[in-house]
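Chains G, X and W are the protein sequences, given in the same order.
Sequence positions in the first sequence follow the numbering used here and run 310 to 696.
Sequence positions in the second sequence follow the numbering used here and run 310 to 696.
Sequence positions in the third sequence follow the numbering used here and run 310 to 696.
Don't take every hint at face value.
Note: identical chains are not told apart, hence a pair may lie in one copy or across any two.
[Stated by the list, open to error] Here are the simulated lysine-lysine pairs, DSSO-like style, with alpha carbons at most 30 Å apart:
1. K332 with K457
2. K409 with K532
3. K409 with K332
4. K610 with K409
5. K625 with K610
6. K630 with K487
7. K625 with K500
8. K625 with K487
9. K560 with K500
10. K500 with K457
11. K532 with K560
12. K500 with K532
13. K457 with K625
14. K630 with K610
15. K500 with K409
The hints are simulated quantities; they were obtained by calculation from the structure and are not laboratory data.
Read off the chains here:
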Amino acid sequence: MELQSEESMSTSPTTSGSRSMPKTLPAVYYTDEAHYRRELEHFFFSQWICVGRADQIPAAGNFFRRDVAGESLIVLRDEAGAVRAFYNLCRHRGTRLCEKEAGTFPARRITCPYHAWTYGLNGNLLGAAHMAETPGFSVDDFPLHQVKTDLWDGNIFVNLADEPVRPLAEQLGVLVEKFRPWRMEDLRLGKRVVYPIQANWKLIVQNYSECLHCPMVHPALAKLSHYMSGNNEPAQWNYLGGRMDLNPGVKTMTMSGQSDRALLPELGEDERRHVYYYWVMPNLLLSLHPDYVVTYTIWPKSPRESEVICEFHFHKDEIGKPGFTPEDAFEFWDLTNRQDWHVSELSQLGIGSRGYVPGPYSMREGLLHELDKLMLGALEANARPNQ
Amino acid sequence: MELQSEESMSTSPTTSGSRSMPKTLPAVYYTDEAHYRRELEHFFFSQWICVGRADQIPAAGNFFRRDVAGESLIVLRDEAGAVRAFYNLCRHRGTRLCEKEAGTFPARRITCPYHAWTYGLNGNLLGAAHMAETPGFSVDDFPLHQVKTDLWDGNIFVNLADEPVRPLAEQLGVLVEKFRPWRMEDLRLGKRVVYPIQANWKLIVQNYSECLHCPMVHPALAKLSHYMSGNNEPAQWNYLGGRMDLNPGVKTMTMSGQSDRALLPELGEDERRHVYYYWVMPNLLLSLHPDYVVTYTIWPKSPRESEVICEFHFHKDEIGKPGFTPEDAFEFWDLTNRQDWHVSELSQLGIGSRGYVPGPYSMREGLLHELDKLMLGALEANARPNQ
Amino acid sequence: MELQSEESMSTSPTTSGSRSMPKTLPAVYYTDEAHYRRELEHFFFSQWICVGRADQIPAAGNFFRRDVAGESLIVLRDEAGAVRAFYNLCRHRGTRLCEKEAGTFPARRITCPYHAWTYGLNGNLLGAAHMAETPGFSVDDFPLHQVKTDLWDGNIFVNLADEPVRPLAEQLGVLVEKFRPWRMEDLRLGKRVVYPIQANWKLIVQNYSECLHCPMVHPALAKLSHYMSGNNEPAQWNYLGGRMDLNPGVKTMTMSGQSDRALLPELGEDERRHVYYYWVMPNLLLSLHPDYVVTYTIWPKSPRESEVICEFHFHKDEIGKPGFTPEDAFEFWDLTNRQDWHVSELSQLGIGSRGYVPGPYSMREGLLHELDKLMLGALEANARPNQ
Chain G
310 MELQSEESMS
320 TSPTTSGSRS
330 MPKTLPAVYY
340 TDEAHYRREL
350 EHFFFSQWIC
360 VGRADQIPAA
370 GNFFRRDVAG
380 ESLIVLRDEA
390 GAVRAFYNLC
400 RHRGTRLCEK
410 EAGTFPARRI
420 TCPYHAWTYG
430 LNGNLLGAAH
440 MAETPGFSVD
450 DFPLHQVKTD
460 LWDGNIFVNL
470 ADEPVRPLAE
480 QLGVLVEKFR
490 PWRMEDLRLG
500 KRVVYPIQAN
510 WKLIVQNYSE
520 CLHCPMVHPA
530 LAKLSHYMSG
540 NNEPAQWNYL
550 GGRMDLNPGV
560 KTMTMSGQSD
570 RALLPELGED
580 ERRHVYYYWV
590 MPNLLLSLHP
600 DYVVTYTIWP
610 KSPRESEVIC
620 EFHFHKDEIG
630 KPGFTPEDAF
640 EFWDLTNRQD
650 WHVSELSQLG
660 IGSRGYVPGP
670 YSMREGLLHE
680 LDKLMLGALE
690 ANARPNQ
Chain X
310 MELQSEESMS
320 TSPTTSGSRS
330 MPKTLPAVYY
340 TDEAHYRREL
350 EHFFFSQWIC
360 VGRADQIPAA
370 GNFFRRDVAG
380 ESLIVLRDEA
390 GAVRAFYNLC
400 RHRGTRLCEK
410 EAGTFPARRI
420 TCPYHAWTYG
430 LNGNLLGAAH
440 MAETPGFSVD
450 DFPLHQVKTD
460 LWDGNIFVNL
470 ADEPVRPLAE
480 QLGVLVEKFR
490 PWRMEDLRLG
500 KRVVYPIQAN
510 WKLIVQNYSE
520 CLHCPMVHPA
530 LAKLSHYMSG
540 NNEPAQWNYL
550 GGRMDLNPGV
560 KTMTMSGQSD
570 RALLPELGED
580 ERRHVYYYWV
590 MPNLLLSLHP
600 DYVVTYTIWP
610 KSPRESEVIC
620 EFHFHKDEIG
630 KPGFTPEDAF
640 EFWDLTNRQD
650 WHVSELSQLG
660 IGSRGYVPGP
670 YSMREGLLHE
680 LDKLMLGALE
690 ANARPNQ
Chain W
310 MELQSEESMS
320 TSPTTSGSRS
330 MPKTLPAVYY
340 TDEAHYRREL
350 EHFFFSQWIC
360 VGRADQIPAA
370 GNFFRRDVAG
380 ESLIVLRDEA
390 GAVRAFYNLC
400 RHRGTRLCEK
410 EAGTFPARRI
420 TCPYHAWTYG
430 LNGNLLGAAH
440 MAETPGFSVD
450 DFPLHQVKTD
460 LWDGNIFVNL
470 ADEPVRPLAE
480 QLGVLVEKFR
490 PWRMEDLRLG
500 KRVVYPIQAN
510 WKLIVQNYSE
520 CLHCPMVHPA
530 LAKLSHYMSG
540 NNEPAQWNYL
550 GGRMDLNPGV
560 KTMTMSGQSD
570 RALLPELGED
580 ERRHVYYYWV
590 MPNLLLSLHP
600 DYVVTYTIWP
610 KSPRESEVIC
620 EFHFHKDEIG
630 KPGFTPEDAF
640 EFWDLTNRQD
650 WHVSELSQLG
660 IGSRGYVPGP
670 YSMREGLLHE
680 LDKLMLGALE
690 ANARPNQ
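Construct the entire structure; sequences and hints are all you get.
Pasting the structure below:
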């Protein structure tokens, strides 16, 4: 049986086999190393990628490391208070500069552990022992390789392209206005968990983009929010999402459906009775609750592996209160997330089989089909077929 | 030294270096990923493969999983009592359906753990939530992908080809008649052990096909059966094998050479004094003893790795007796098998060296040369050179 | 950003970006599998490689195994007292002959564990059961595949080329005379340690070839020997190195700078006040101290992985004394080596990033640039561009 190869020959994979019925992508999009590299290059690296939160690095010299598809970046607060990001390697002999996950650079200097080349927080090379003897050498020629950064409401984004195709604000578009009431800049990190997942990054986004699986996979969630209450926005080129109703009597998503936390202060009546689930292209999932926000950043590791950094953010006033705990929110979503990762991993396993052929999306899986088309469109626009 | 590449350029590898002296294959046949894939496609997947025993799934809804070179299959008993096999993935979004090694499907239904698509034991799609809203969707279009199955004397075979080149009975040929006296259908599983082996599958078959190594490798075996007593049949296109004498006073192959078990009831005098060792193309080794049968199914994992599932089968009357134990047979063969796997792994290591060149087969290794020719013939008939 | 690919397109990588300023190599030389294979073939396998010491195999039948870039070799002492090396596999079916790391072949015979083919210590096939029946077979046609060996002052070298481009003595050149005072043949092994290192072999040699990093990386070393006291010889085609002063009052390199051992008997005054650090092409690092010698043999495992076998050798008279211990020397270098391997691993990590571009060598890193040129020269002389 050569089912896969037939399908992968199809010129328009999203409608293969049927004009009217949208179908899942051929296996190659979930398993092939070359395709994966193209996807990283033309879909991931060309966009603004969310790498974390500004409140992780409040003071000059604070930093964290972030691995972006194999690339180690240093994200830091500079002396002027700006957030900057640099490739984590010395301009001398390429040595990785920083091994710690997060911390503070002593004396506001980044010093290479090999030959002590020393950089300022703005990336400028300040000292390079014995290089003065080298004809033609100037410290000005060897600053750290900087990566473009920008901020949205407390979230830090980087762009690895030399010339980003658009500013962050344009990539976000109407989301800036839409999510203003949650005032993410006023939130503080309460809990973090990192999940390794044996599945392609798209399967994680697709799992997030429908609740048709909720009755089967998430019995605890079904008690709080009905899976048919979902109301998706029409798909956009830069985000996909919608909201679901909280059941009557349910205040927020916790195991009990209750919470001692005050609701976020600027939410309207409608926003207090829903949870908003959005994929923000390319790697951010935003779950906006009445009293807290969960962010998931997705980090592709290989065609078949991803990592998700999941963070719970609470209002700075609440997080400072005695007795504050993030555990009720965490307990609920940790259970639910693990259920989601598990079925995503099962999908990865099946899609890798020669018995897999694209299957039909239901009307309630429209966002998944839109994601497929966005990714294919990005490849078409940016890549030649056999590149 | 470029010894290997010279050899692998040779147009007729089985006679390289000498017209008269048959030699082992060039290293590429044991180490190269591309060749390995061709071998799987044209030699393994195009044949009827033994996957287990019918007595593992006696009742409707009973199933076991089997991984066939990376493909997960569900093998089950359907409501009509027939044995069927399916690719282990849902027709919706490709999710792996079944994670358990073996068991019984509740209510005779196979339900996908993701969105609860539900299939009957015949593979028909019975329910698919919310798909009715999708224009043009019909459950009739999305049955599980079935794999052809057939039975021989209690052994289950599958064929992954769309159109098998021949029926199972034709692949087995005279073996059906030859092994009838052992009445394998009346045997029941008494013991199973799974061996991971760091060697190409052909090295396992080759090791099985000669006893020239027995004095060196198997001192315990040498006490029961003389290595020079082996009497091979002329090589056939579909099997290779022969028999060896039990030494005088030896009843069967156990550490003591004795056994409390009754001999299998329909064996003739001659069959009671020999052990029959046969490779049944492509993946079954059959060791037929006077009082029990050992089956080995060989599962290639990579050019350099295989797995062997080794099962001991006893007459249903014996296995039901109080005090029955398979351990005497198991103890002997477990020791002997591990000795065989070890030298096979040493061969794999040496063949992977640039110092390896094909070496001469002795007259007592004729079956090995025949195996090489069978495999090469299958590739020549089915594959274009650079495919 | 496509920084790497631009650089790797450069036709003269060692001077890319600047005529006057030597720079590190593009990343491909440290990360690419195909380049790595070329390097092994044209730089490693074509040279005389140091595999160990003659005093490891003093008597006929003594042997040790050595893995040379995936090739297992047997190095032994034959009946005539000569050192020989063979590929570790049987000429029959390719089976690895010897699994032990070191030992003595019983009865001066090498016997294959599979079918008992038996070889003499000179590699001749002496016995092959049942092969006499095979027409045309002669034991004379199937000796072990021998690898050329030679000795230098107690060090054993092998050459895997069919026709070495030059004798060992010519490869060593003036080193034979230069290091005669240390009388390495009179030294005996006192300590061995094996280090797995996640770095390309060249990074290990480069780290060894400069002490600019010493103040930052090796505070303990800095107390014994000033990093600016280094005095390099002009680079040679076959070795790179120089010497460093022992600080006043320091007798040798140990944690205390002191030692109970007698100095090596034939050293001159100058040699007693320095430590000599030499890379002997392609895989030997020699650290010559007033009272002991450290050898490092470097074993590439992959573009990003190497193994170093580090051995401490002492005068045969000292090592025989009651109370002799190698631990003071070992303790100091084990600490220092681990610091070196760590920064080498950090370099490997950074060089693998898309943010890496070749950086400037200082005047004190001249030997590193010379190593790069030697390697590139060997590839240019031996390999066609796209081979």
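Checked hints:
Taking the shortest Cα distances, K332 and K457 sit within 30 Å of each other only across copies (26 Å), while inside one copy they are farther apart (37 Å). Within a single copy, K409 and K532 get their C-alpha atoms only as close as 42 Å, which misses the 30 Å cut-off; across copies the closest is 28 Å, which meets it. For the homomeric pair K409 and K332, the shortest alpha-carbon distance between copies (28 Å) is at most 30 Å, but the shortest distance inside one copy (44 Å) is not. In this assembly of identical chains, K610 and K409 lie within 30 Å of each other by CA distance both inside one copy and across copies; the values are 20 Å within and 27 Å between.
In the homo-oligomer, the alpha carbons of K625 and K610 never lie at most 30 Å apart, since the shortest distance is 33 Å inside one protomer and 52 Å across protomers. With identical chains, the CA atoms of K630 and K487 are at most 30 Å apart within one copy only, with a shortest distance of 28 Å there and 75 Å across copies. Taking CA atoms no more than 30 Å apart as the test, K625 paired with K500 passes inside one copy only; the shortest distance there is 13 Å, against 59 Å between copies. Proximity of K625 to K487 under the C-alpha cut-off of 30 Å is restricted to the intra-copy arrangement: shortest distance 21 Å within a copy versus 72 Å between copies.
In the homo-oligomer, the alpha carbons of K560 and K500 lie at most 30 Å apart inside one protomer (20 Å), although the nearest pairing across protomers, at 56 Å, exceeds that limit. Taking the closest pair of Cα atoms, K500 and K457 come within 30 Å of each other only inside a single copy of the chain (27 Å); across copies the shortest separation is 52 Å, beyond that limit. For the identical chains of this complex, K532 and K560 are intra-copy neighbours only, at 12 Å inside a copy versus 67 Å across copies, given an alpha-carbon limit of 30 Å. Only within a single protomer do K500 and K532 lie at most 30 Å apart by alpha-carbon distance; the minimum there is 24 Å, versus 46 Å between protomers.
When the C-alpha separation of K457 and K625 is checked against a cutoff of 30 Å, the pair qualifies only within one copy, where the shortest distance is 28 Å, while the shortest distance between copies is 63 Å. Taking the shortest Cα distances, K630 and K610 never come within 30 Å of each other, neither inside one copy (38 Å) nor across copies (55 Å). For the homomeric pair K500 and K409, the shortest alpha-carbon distance inside one copy (19 Å) is at most 30 Å, but the shortest distance between copies (34 Å) is not.
Hints 5 and 14 from the list above are not met by this structure, while the remaining hints are.
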